[in-house]
Amino acid sequence: MKRKMLAAREDLVNKVLEIASRKNVKLYGMINDTLELVIRADDMGLSLEEVVNQYGIVKAAKDAGFVPVVESLLYEIVEKLFQRSKSWVTKRWYESGQWYGKYYSVKLPQDPVKAFKEDICSFTWNVSEFSVAENEEDKGELVVRCVSPRFPFSYTILFSVFLEGALNMFGYECVKKGVSKGIIRLWFRKVGGGLGAEGSF
Amino acid sequence: MPKGVSRGKKLTLVPTDLLERLMRISNREGKTLYSFVSEIFEQALRVYESKHTLEEVVDFFELMETQKASGAVITPVDVLTYLIGELYPSGKDVLCERWYESGRWYGKYLVDRFHNQDQVDALGKLLSVTRWDLKEVLVKEENGVVKVRCVSPLLPLENTELLVRFVEGVMDSLGYRVRKEDFMRGIVLLEFEKE
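Chains A and B supply the protein sequences, listed in that same order. Reading the first sequence from the start, the letters are residues 1 to 201 in the working numbering. Reading the second sequence from the start, the letters are residues 1 to 195 in the working numbering.
Source of the hints: derived by calculation from the structure; they are not laboratory data. Remember, predicted model here, so these are calculated numbers, not experimental data. Watch out, some of these pointers could steer you wrong.
[Unchecked claim] According to the in silico footprint, chain A covers these stretches of chain B (three or more CB under 8 Å from chain A): (1) 63-69; (2) 127-138; (3) 184-190.
[Stated by the list, open to error] Cut-off 30 Å, straight-line C-alpha distance, at most; resulting in silico cross-link-like pairs (DSS-like, lysine-lysine): (4) Lys-23/A x Lys-140/B; (5) Lys-114/A x Lys-15/A; (6) Lys-80/A x Lys-114/A; (7) Lys-10/B x Lys-15/A; (8) Lys-4/A x Lys-23/A; (9) Lys-180/B x Lys-147/B; (10) Lys-10/B x Lys-62/A; (11) Lys-51/B x Lys-23/A; (12) Lys-125/B x Lys-62/A; (13) Lys-102/A x Lys-135/B; (14) Lys-92/B x Lys-180/B; (15) Lys-107/A x Lys-80/A; (16) Lys-91/A x Lys-180/B; (17) Lys-114/A x Lys-139/A; (18) Lys-62/A x Lys-26/A; (19) Lys-23/A x Lys-68/B; (20) Lys-135/B x Lys-62/A; (21) Lys-140/B x Lys-15/A; (22) Lys-135/B x Lys-108/B; (23) Lys-51/B x Lys-26/A; (24) Lys-59/A x Lys-10/B; (25) Lys-107/A x Lys-68/B; (26) Lys-102/A x Lys-59/A; (27) Lys-190/A x Lys-177/A; (28) Lys-51/B x Lys-114/A; (29) Lys-92/B x Lys-62/A; (30) Lys-23/A x Lys-180/B; (31) Lys-59/A x Lys-135/B; (32) Lys-91/A x Lys-10/B; (33) Lys-59/A x Lys-180/B; (34) Lys-125/B x Lys-135/B; (35) Lys-51/B x Lys-108/B.
We treat Cβ as the ideally placed atom computed from N, Cα and C, and that holds for glycine.
One chain only, chain A, in its complex shape:
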């Protein structure tokens, strides 16, 4: 096999060399494996950084107690239970949102709203638009916006109360709502308290 010399940052090569020694593998083999994975990632249309970041996002979802489920099955069971006991199931999703609010307040007390927003944005790959931003017309307000044409009405309601539960735990009170099939718009105002610190928007 033909080989060529490749110049790389000395400090990085030294660190890779340290790991290779620890793992009892040759530097040459380790670098080759790494470069092959870069090419594999490129074949998927991604950079290695994007793959590593995505891995971090999914690991965060796992750590936060989310699980994958078939979307159609989830909507079906939500719909059934929503028709049968709307108030109970709504309460349960609100409480789950509160739990996540607490979770992010404890996990990242310096800016739990931002962390929650970023994670939800990453976890909801079936959502076409998701944002949590300061209201341009009223700087004291936060506006949560979520659009997903795939959401049935029942799931839209439940996802909206989930978000409301979390934001309440950060010390925000919902002052206005607009919820229709697949579209959520919630307006919040800071009321103080909550378990988290101030959001930074």
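Got chain A; can you put chain B on it based on the hints?
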């Protein structure tokens, strides 16, 4: 120090074909090969420092992409368990049927996605990587018999049974029938044979 190599840089040998491919990628991205390689090493070190390997990360990413493409979404485990727990007593048969059908669809998807690979092996990898609620997953084929073992101490009976139906649906699409079925809360032991 070899001529042309400045202080702070180190030379390392790599196969020519790999180097050529890397050069093509770095050119496409408008980066110098040197800075591109530095980024790669930085990412690799970031992964190794978190006690994982780059291969694990890339494999995991590929499997998650497969899950996403198959129509999976993520949801809080507590609400999912609640929803299933509420519906199961009165609608067990319907739920089981729906999970079985969903498994059959997923099996067909695996046949298509992994048409030139070992689909049983793919199922095992997908279950172990993407079913985070399972603590142990084993799917192996021996002499034409596929054994599936899943363990999760926190999985309620309802969810356990739905997992069984889902796996049976997948295996049906892969051309296997149930040979042995044994499950209890949080433990699944299944055996399948070729139809």
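Okay, the hints, checked on the actual structure:
no., hint, verdict
1, 63-69, "holds (count 4)"
2, 127-138, "holds (count 4)"
3, 184-190, "violated (count 0)"
4, Lys-23/A x Lys-140/B, "holds (28 Å)"
5, Lys-114/A x Lys-15/A, "violated (33 Å)"
6, Lys-80/A x Lys-114/A, "violated (33 Å)"
7, Lys-10/B x Lys-15/A, "holds (12 Å)"
8, Lys-4/A x Lys-23/A, "holds (25 Å)"
9, Lys-180/B x Lys-147/B, "holds (9 Å)"
10, Lys-10/B x Lys-62/A, "violated (39 Å)"
11, Lys-51/B x Lys-23/A, "holds (12 Å)"
12, Lys-125/B x Lys-62/A, "holds (17 Å)"
13, Lys-102/A x Lys-135/B, "holds (26 Å)"
14, Lys-92/B x Lys-180/B, "holds (21 Å)"
15, Lys-107/A x Lys-80/A, "violated (34 Å)"
16, Lys-91/A x Lys-180/B, "violated (41 Å)"
17, Lys-114/A x Lys-139/A, "holds (16 Å)"
18, Lys-62/A x Lys-26/A, "violated (34 Å)"
19, Lys-23/A x Lys-68/B, "violated (33 Å)"
20, Lys-135/B x Lys-62/A, "holds (12 Å)"
21, Lys-140/B x Lys-15/A, "violated (38 Å)"
22, Lys-135/B x Lys-108/B, "holds (26 Å)"
23, Lys-51/B x Lys-26/A, "holds (19 Å)"
24, Lys-59/A x Lys-10/B, "violated (34 Å)"
25, Lys-107/A x Lys-68/B, "holds (27 Å)"
26, Lys-102/A x Lys-59/A, "holds (19 Å)"
27, Lys-190/A x Lys-177/A, "holds (15 Å)"
28, Lys-51/B x Lys-114/A, "holds (27 Å)"
29, Lys-92/B x Lys-62/A, "holds (27 Å)"
30, Lys-23/A x Lys-180/B, "violated (41 Å)"
31, Lys-59/A x Lys-135/B, "holds (15 Å)"
32, Lys-91/A x Lys-10/B, "violated (60 Å)"
33, Lys-59/A x Lys-180/B, "violated (34 Å)"
34, Lys-125/B x Lys-135/B, "holds (13 Å)"
35, Lys-51/B x Lys-108/B, "violated (35 Å)"
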